[in-house]
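Peer 1: Sequence:
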Amino acid sequence: RNPTPPEGCEGGNWLAPTVITGVRPDMKCYTEEIFGPVLVVVSVDTLDEAIELINNNQYGNGTAIFTRSGPCARKFQHEVDAGQVGINVPIPVPLPMFSFTGSRGSIRGDINFYGKQAIQFYTYWKTITSNWNPEFETGNKAFTAMPVLGGK
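Last residue of the sequence shown: 155 (the working numbering), numbering continuous.
Check each hint, because a few of them may be wrong.
Pairs of lysine to aspartate or glutamate residues, derived as EDC-like cross-links and limited to a Cα-Cα distance of at most 16 Å, are as follows [what the hints assert, rightly or not]:
| no. | residue 1 | residue 2 |
| --- | --- | --- |
| 1 | K129 | D84 |
| 2 | K129 | E82 |
| 3 | K78 | E52 |
| 4 | K78 | D51 |
| 5 | K78 | E55 |
Keep in mind the hints are simulated off the structure, nothing from the lab. Source: prediction; values computed, not measured.
My request is simple: use the sequences and hints to build the entire structure.
Peer 2: Written out as structure tokens, the structure reads:
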């Protein structure tokens, strides 16, 4: 691949976007939380195995599912224990309109400092972001980029 840093960042720390496949729960890239442009891909055979894998991890920052099945998406969003859940979209970024909603080892303390969580700190929050585009039913590829207002 030979990625190069963006202009002006040649002398600094820069990590190119990285996808790690074939990951198992005993691997360091799975057992430690990675903050950066890294996608860790763990494969399982069933939805129940996926939910169990996610819920057994010590961290609970975020997870996503890409599916054409509404019942699978509903089961996933209700049974998975993660603060940020994407359905047919990547995990939302913790901006002011998406309060940081980590779970378990992904958050320190008992309250968050963004959004409504700063005031309503006795409530457990889970952010669900879904995208049900009619093009999914026509066999076209799903979009994996965050939508932009105005369609640009």
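Peer 1: Each hint needs a verdict: does it hold in this structure or not?
Peer 2: The hints, checked one at a time:
1. Between the alpha carbons of K129 and D84 the distance comes to roughly 9 Å, so the proposed pair stays at or under 16 Å and holds.
2. Between K129 and E82 the CA atoms are separated by roughly 11 Å; this keeps the pair inside 16 Å, and the hint holds.
3. Of the supplied pair hints, the one linking K78 and E52 holds, its CA atoms being roughly 12 Å apart against a limit of 16 Å.
4. For the proposed pair K78 and D51, the alpha carbon gap of about 9 Å is at most 16 Å, so the pair holds.
5. Taking the CA atoms of K78 and E55, the gap is about 12 Å. The hint holds against a cut of 16 Å.
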